[in-house]
Amino acid sequence: MSKRRFSSGWTALHIYGAAFLIFLYAPLALITVYSFNSNALNMAVWTGFTFDWYRTLFGMQPAGAAFDAAFTENPDRIFGVLRNSLIVALSASAISTVIGTATALATARYDFVGKRIYQALLFMPMIMPDIVLGIALLIFFVGVGFKLSLATIIIGHCTFLSSYVYIIVAARLAGMDNTLEVASADLGAGPVTTFRRVTLPLIMPGVIGGFLLAFIISLDDVVITYFIAGVDTQTLPLFILAMVRRGIRPQINALAVLLIMFSFVVASAGLYFRSRRN
Amino acid sequence: MRQVSEQEVLRVDGARKSFRTPESGVVTPLDGITLSIRNNEFLTLLGPSGCGKTTLLKTIAGFEELDEGEIFLEGRAMSAVPAHRRPFNTVFQNYALFPHMTVAGNVGYGLQVAGVKRAEETARVTDVLRLVGLSGLERRKPAQLSGGQQQRVALARALINRPRVLLLDESLSALDRKLRQSMQIELKNLQNTVGITFIFVTHDQEEALTMSDRIAVMDKGRILQLGTPAEIYDTPKNRFVAGFIGTSNIFSGTLAKDGGTSRVDIEGGPAIAVTADGFASGDKVDVMLRPEHFALASGRTGAGGSLDAVIENIVFVGTDLHLHGRLANGLPVVALERHARGAGALSLAPGQTVTLHYQATAPHLMKSQAA
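For the protein sequence lines, the chains are R and V, in the order given.
The UniProt record's numbering puts the first residue of the first sequence at 1, with every later residue one more than the last.
The UniProt record's numbering puts the first residue of the second sequence at 1, with every later residue one more than the last.
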């Protein structure tokens with residue numbers, strides 16, 4: 001086996017692999033670098049290192065003259081928007097986790113008329129274009145006289161997040177041995193004890209994984225939220241979108257970096273829980 | 001030593017269950033089963049797959065409901081009692097150990113659920129693990145155990161609740177032959193120690209013969225015969241039981257009684273001399289001859305008969321030689337010869353015609369099922 005036979009293909013693969021990673025991560029790296037660039041007017045030109053953009057983001061007065069007076073966003077608004085986003089993401093993913101898990105348990109354990117159709121319908125919110133779902137939800141809320149608010153965002157997010165949780169937990173349940181629940185009953189445990197001591201611990205990695213995925217999807221959803229958020233409620237992605245419309249400001253870079261770090265932590269936690277119980 | 005008393009502990013009365021499958025219409029795993037199980041006995045439900053033995057076990061455990069009939073524990077009807085309130089425990093075919101709990105957690109589960117105090121639980125877990133020979137493995141997870149060890153954990157987990165009846169669902173079939181044989185002996189010893197009624201489900205007739213006090217042979221949702229291993233082996237009720245237990249030669253024919261002697265005329269073949277109490281001349285019957293009933297030498301005393309066969313194959317299994325041959329009419333026949341070192345084996349060869357002698361008391365008559 002000569003090394004030469006492989007060398008050209010091998011090099012091409014290396015280049016391809018490197019290009020792939022650069023393509024994925026260069027924009028993120030660039031944003032991170034920009035977020036520390038003190039040049040307020042042209043972020044592509046490096047003038048010096050600064051924490052100013054992070055400081056203004058959190059409402060602290062910047063030390064230097066670098067602070068752009070044109071930056072008019074109120075830091076209190078950012079925190080309010082962030083709070084909205086966290087409320088929506090936490091509530092929607094918590095509710096979806098309960099609904100999705102219960103649905104997965106029902107379809108895995110029981111046979112009922114129309115089960116196949118029901119299971120197929122559970123995939124619909126995932127494959128339906130966001131824009132259609134957003135409009136449909138808007139029409140529905142307006143139709144039944146719901147005032148658009150954080151609550152409508154939460155309900156709207158639940159409609160499709162439940163599907164994600166369902167799929168992840170159902171996959172976990174499919175890999176679980178049914179006789180374990182029978183064995184638990186055989187040893188004297190009632191249905192509640194069996195669920196608490198046997199079923200739940202065994203599907204927990206799926207439940208946590210589903211929750212975290214739902215949380216992340218909810219946190220950065222723009223399209224659906226755009227339709228069902230009221231005029232006076234805003235989430236972080238909508239806020240960023242609005243900010244970008246008036247030009248990309250350095251503060252957005254700082255905000256993006258913080259979001260990347262947050263997502264990274266959540267995703268790591270999800271992977272950790274998935275691997276731990278297997 | 002364990003005492004099997006005549007006292008009934010469990011009674012299955014007219015159990016019937018059927019269900020519809022999408023492929024093959026209605027399946028009836030239990031077709032009117034009545035069975036009385038005695039205190040402390042080792043009862044085996046034996047039959048081919050699909051005969052209903054596992055379904056019967058599941059209905060006793062309470063995992064499945066009966067369509068008709070009732071199960072009584074010491075006279076108390078069980079149908080309204082859910083599985084988790086029945087004083088039975090099961091050793092599952094795949095053991096069904098909780099993968100997220102340690103050995104001690106698995107074994108102690110039944111006690112925790114019952115609200116037994118921590119100190120007592122620990123003591124009893126230690127005791128029962130010693131009983132099954134697993135002391136020192138308390139902290140292990142099931143995945144870190146061998147198949148034999150997992151089986152013992154499953155057994156310990158089922159025994160710790162001191163059930164009235166222990167149900168074993170093909171619990172040894174996943175083990176290799178050697179381990180299975182040593183577990184068979186251990187299970188028997190264990191039953192002698194703990195004194196619990198065992199109901200054991202298996203499709204392995206050898207296992208059934210070695211372990212049971214009584215065997216219930218099942219087919220198509222019915223119990224064909226219930227008896228001790230010797231009864232089942234020596235006097236099977238019909239062709240199915242005879243064929244399922246051990247190796248046998250079964251010939252169909254018509255009984256002819258002629259004065260003091262009786263014989264069965266095999267269609268297109270020889271006649272077999274039999275003793276035929278309880279049968280009438282002209283009855284269609286099946287005759288069973290076990291391979292060990294044949295002898296190459298006619299030295300035995302008493303009335304008997306013989307069959308001529310052409311040897312096709314000789315299988316050496318250590319203690320014995322299995323002679324596979326054919327009668328003149330083409331019917332296959334198996335005979336068994338003790339292996340005498342050097343002597344017998346050398347004089348036999350395929351293609352050779354031998355005379356197989358048997359005593360008149362050896363053939364076992366069964367009513368023909370063909371009708």
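Each hint should be verified, as a subset may be incorrect.
Taking CB as the label site, the calculated pair distances span [claimed, not checked]:
(1) R/A174 with V/Q112: 48 to 56 angstroms
(2) R/A171 with V/V194: 39 to 47 angstroms
(3) V/T28 with R/A174: 29 to 37 angstroms
(4) V/A77 with R/A171: 55 to 63 angstroms
(5) R/M126 with V/K220: 41 to 49 angstroms
(6) R/S149 with V/R139: 27 to 35 angstroms
(7) R/L24 with V/S135: 33 to 41 angstroms
(8) V/S49 with R/A174: 20 to 28 angstroms
(9) V/P87 with R/A171: 36 to 44 angstroms
(10) R/V144 with V/K220: 54 to 62 angstroms
(11) V/V315 with R/Q119: 28 to 36 angstroms
(12) V/H324 with R/S275: 55 to 63 angstroms
Covered stretches of chain V (chain R as the covering partner; in silico rule of three or more C-beta atoms under 8 angstroms from a C-beta of chain R) [what the hints assert, rightly or not]:
(13) 213-222
(14) 350-362
Away from chain R, derived, C-beta distances all over 10 angstroms, residues of chain V [stated by the list, open to error]:
(15) R157
(16) A271
(17) I311
No lab work stands behind these hints, which were simulated from the structure alone.
Just so it is clear, the structure is predicted and the values come from calculations on it, not from any experiment.
Don't be surprised by glycine CBs; every beta carbon is placed ideally from N, CA and C.
Status of V/R157, Cβ more than 10 angstroms from any chain R Cβ: violated (7 angstroms)
Whether the CB-CB distance between V/T28 and R/A174 falls inside 29 to 37 angstroms: About 30 angstroms separates the Cβ atoms of V/T28 and R/A174, which means 29 to 37 angstroms holds.
Distance restraint evaluation - V/V315, R/Q119, Cβ atoms, bounds 28 to 36 angstroms: violated (54 angstroms)
Distance restraint hint 39 to 47 angstroms, applied to the beta-carbon atoms of R/A171 and V/V194: holds (42 angstroms)
Coverage of the segment 213-222 of chain V by chain R, judged on three or more residues with CB within 8 angstroms: violated (count 0)
Beyond 10 angstroms from each Cβ of chain R, as asserted for V/I311: holds (49 angstroms)
Verdict for R/A174, V/Q112 (Cβ pair) under range 48 to 56 angstroms: violated (28 angstroms)
Exclusion check [V/A271 not at the chain R interface, CB over 10 angstroms]: At about 54 angstroms from chain R, V/A271 clears the 10 angstroms cut-off, so the statement holds.
Hint check for R/S275 and V/H324 - Cβ pair distance inside 55 to 63 angstroms: With a Cβ separation near 57 angstroms, V/H324 and R/S275 satisfy 55 to 63 angstroms, so the hint holds.
Chain R covers the segment 350-362 of chain V, three or more CB atoms within 8 angstroms, holds or violated: violated (count 0)
Whether the CB-CB distance between R/M126 and V/K220 falls inside 41 to 49 angstroms: holds (48 angstroms)
Outcome for the supplied range 54 to 62 angstroms, where the beta carbon pair is R/V144 and V/K220: holds (59 angstroms)
Violated hints for the displayed structure, listed by number in ascending order: 1, 4, 6, 7, 11, 13, 14, 15.
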